[in-house]
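A.B. asks: Residue strings, one per chain:
Protein chains: 2
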Amino acid sequence: MNSWIDIPQNSDFSIHNLPYGIFLRDEKPTPGVAIGDYIIDLNAAAKVGVFTDLEFDTSVFESDFLNDFIDCGKDAWTSLRHCLIKELTAQGNLFEFKEKVIVDRLSADMCMPVRIGDYTDFYSSIEHATNLGKLFRPDSEPLLPNWRHIPVGYHGRASSIIISGTPIKRPSGQSKAPTADTPSFGKSKRLDIELEMAFIIGKSTTLGDSININNAEDHIFGKVIFNDWSARDIQGWEYVPLGPFLGKSFASTISPWIVTMEALEPFRCESIPQEPTVLPYLQYEGQKNFNINLEVGITPEGDEETTISESNFKYMYWNMAQQLTHHTVNGCNVNVGDMMASGTISGRDQHSYGSMIEISKGGKEPMELKNGKTRTFLEDGDTITIRAYCEKDGVRVGFGECSGKILP
Amino acid sequence: MNSWIDIPQNSDFSIHNLPYGIFLRDEKPTPGVAIGDYIIDLNAAAKVGVFTDLEFDTSVFESDFLNDFIDCGKDAWTSLRHCLIKELTAQGNLFEFKEKVIVDRLSADMCMPVRIGDYTDFYSSIEHATNLGKLFRPDSEPLLPNWRHIPVGYHGRASSIIISGTPIKRPSGQSKAPTADTPSFGKSKRLDIELEMAFIIGKSTTLGDSININNAEDHIFGKVIFNDWSARDIQGWEYVPLGPFLGKSFASTISPWIVTMEALEPFRCESIPQEPTVLPYLQYEGQKNFNINLEVGITPEGDEETTISESNFKYMYWNMAQQLTHHTVNGCNVNVGDMMASGTISGRDQHSYGSMIEISKGGKEPMELKNGKTRTFLEDGDTITIRAYCEKDGVRVGFGECSGKILP
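Protein sequence lines correspond, in order, to chains A and B. Numbering-wise, the first sequence is residues 1 to 408 according to our numbering. Numbering-wise, the second sequence is residues 1001 to 1408 according to our numbering.
Calculated from the structure, these hints are not laboratory results. Any given hint could be a false lead.
DEER-style ranges, computed between Cβ atoms [said to hold, decoys possible]:
#, chain 1, residue 1, chain 2, residue 2, range
1, B, K1392, A, K361, 57 to 63 Å
2, B, T1166, A, D139, 44 to 50 Å
3, A, S107, B, L1143, 54 to 60 Å
4, B, N1010, A, C111, 49 to 55 Å
5, B, D1075, A, C111, 28 to 34 Å
We treat Cβ as the ideally placed atom computed from N, Cα and C, and that holds for glycine.
Isolated chain A (complex conformation) (with noise of 0.2 Å):
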């Protein structure tokens, strides 16, 4: 497919992607559509009547969230979708309005794209599992009994989630250090990230109602990238028994693009072997796991950038469908605009494992970065950025950046 407008070659946002953000123009929160190095301003768009043959109500772009288009359901994606591909390889509206319409995307500032309502994170990969189990409970059993029957998931915190670029204050907290006899307070000292995605909730429910497994994709608007900032010192004291709270709540980072389910349709794959099988409600036919490159790269006050982890979705031991049917099993509801992330992304080796507690052994052996540096843990004014991009056939559809810098 070629289009009148530009892209760089290797791209992420290729006309095969068409994702969905909030940007600012003339500091009004936008709904907007990347294409290359620019943007689609969605409600310029309707405005000149580049949407005139859809059938929803366009009206939805006036909005500073997606939620609102999101809610007028698959239909309405669908059809734009169609529309944005039939306007960017041919010279319709959108090429006679450019000027208003398309604007610069390098330059521009992004704001959360959804109004989420409640944040859920699930904790389904099996690396990540065994890997945390060992350094948190050396003295039993890594993967607990349940982990192999049930996704497993907590709750999280909806407010602290922030947009790619926002800086990360380093938290304060209770910690306990495992000689000590007392807890004391002070700034976190095992400041780590969590390399994991997120889906967002394109089809609410009805609460008492369930989501059958077959049917659990069509409630999934599309993925981000998720950084699930997290203080190990303050998470190993406060975490027993009703888990993760403080070590977690002050900042998740989210890419700000929200690459489609549609666009990610061509890089659906296989998926790790379960076992023992799981129950009934939990099984699934055809492919739901997803080939998405994964890489973490560390970049130190005024220093270059090293990848410390290169990961992949297709890890993922728990599937999304699988984890949106068990979520609402218990007829919990669900909301347009809710967020569910997959729990750090770690391979089988070293290099792929999806946090600095699991690379450097809980603190133990530090990674070696470019020019003579070391980590365990993050130091201030380190900057993490993740990428993420599905690549096959020469097609490529990407998720830009989802970046944070540590502020002491």
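Following the hints, complete the assembly by docking chain B onto the known chain A.
C.D. replies: Just chain B now, with coordinates in the frame of chain A:
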């Protein structure tokens, strides 16, 4: 204080109370204040000029939720309270337009009073934490090492918080009997209640900021009764290592009227001494506990009610100011309308326990109800009603009821 409105003796909604709620008027959710068996329609009152002397924008009463009013700040809450007391004790505009502004409370349909952003559940009763520890971890010390240092809490599901009177569908899920090798799927057989109260955030903070314990109560608008329905069989299997999830997220019920901190002011009381001394950021001055009587009644289908628990909010080991200070000490931001529940409020003896699993000692000792019935956990058709009230020197400030019926 005498009012020209007829207020029944012993009403929860005395002139000392004036709690806020949202009721349906002509099918439109409308902010109101309860007084005796009546509701003052705040939007109608604003329209006929009752609030002309107030310095905040009373168009906030056109909203479907109280968030916009709450966001006006503490001075607005206080000035409205004083105005209402004046209008109820003298014959002014409210008296003149009473036909338009005052409606019957007993026949009113109530709605969710606030749009909840995030919901947090604490675990702050030492008796409950000890009792549950014995039941869930019989082979180890019931109170975990962090419990006396941290007001332990976790994030809960906001979407499934519902208003009193909404029926509860018995949840399904995975559980594993202690004697079974593998989990099975089915309706919960150990459906329980948790007697809690929740406070509502009245003043937002910015990500990265913390609330000092001396100012913490300024961030609290008021309180409701909270029933954190719990499926103990689902919870027992899923909760390690990340905490309760589907065992809780199918429903939590709140009472419809938010009793303000100002109305609760006369009912402050001494607290339980905290041993060992807590870390400095959690140390406070003055009385931060409140004497609020709590009662739980169970009514089997077509039968009469039996009171199964009489507890009191004063039993809290950790107070609200400590909970909120701890919650934000890592920089986590809070928003107006966020809800924070106490955790189950148990007293020292079996008749003051706040959950059926505690009263029935893990389901082993059935409690006796009227007319020869017994219960360990909830059966289909059972209605649970929680009541809460303060009383002192002839002044009564109550919360009304928080009730829900179990559907199969």
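A.B. asks: State for each hint whether it applies.
C.D. replies: Now for the hints, and whether the structure bears them out:
no.: 1; hint: K1392(B) / K361(A): 57 to 63 Å; verdict: holds (59 Å)
no.: 2; hint: T1166(B) / D139(A): 44 to 50 Å; verdict: holds (45 Å)
no.: 3; hint: S107(A) / L1143(B): 54 to 60 Å; verdict: holds (56 Å)
no.: 4; hint: N1010(B) / C111(A): 49 to 55 Å; verdict: holds (52 Å)
no.: 5; hint: D1075(B) / C111(A): 28 to 34 Å; verdict: holds (31 Å)
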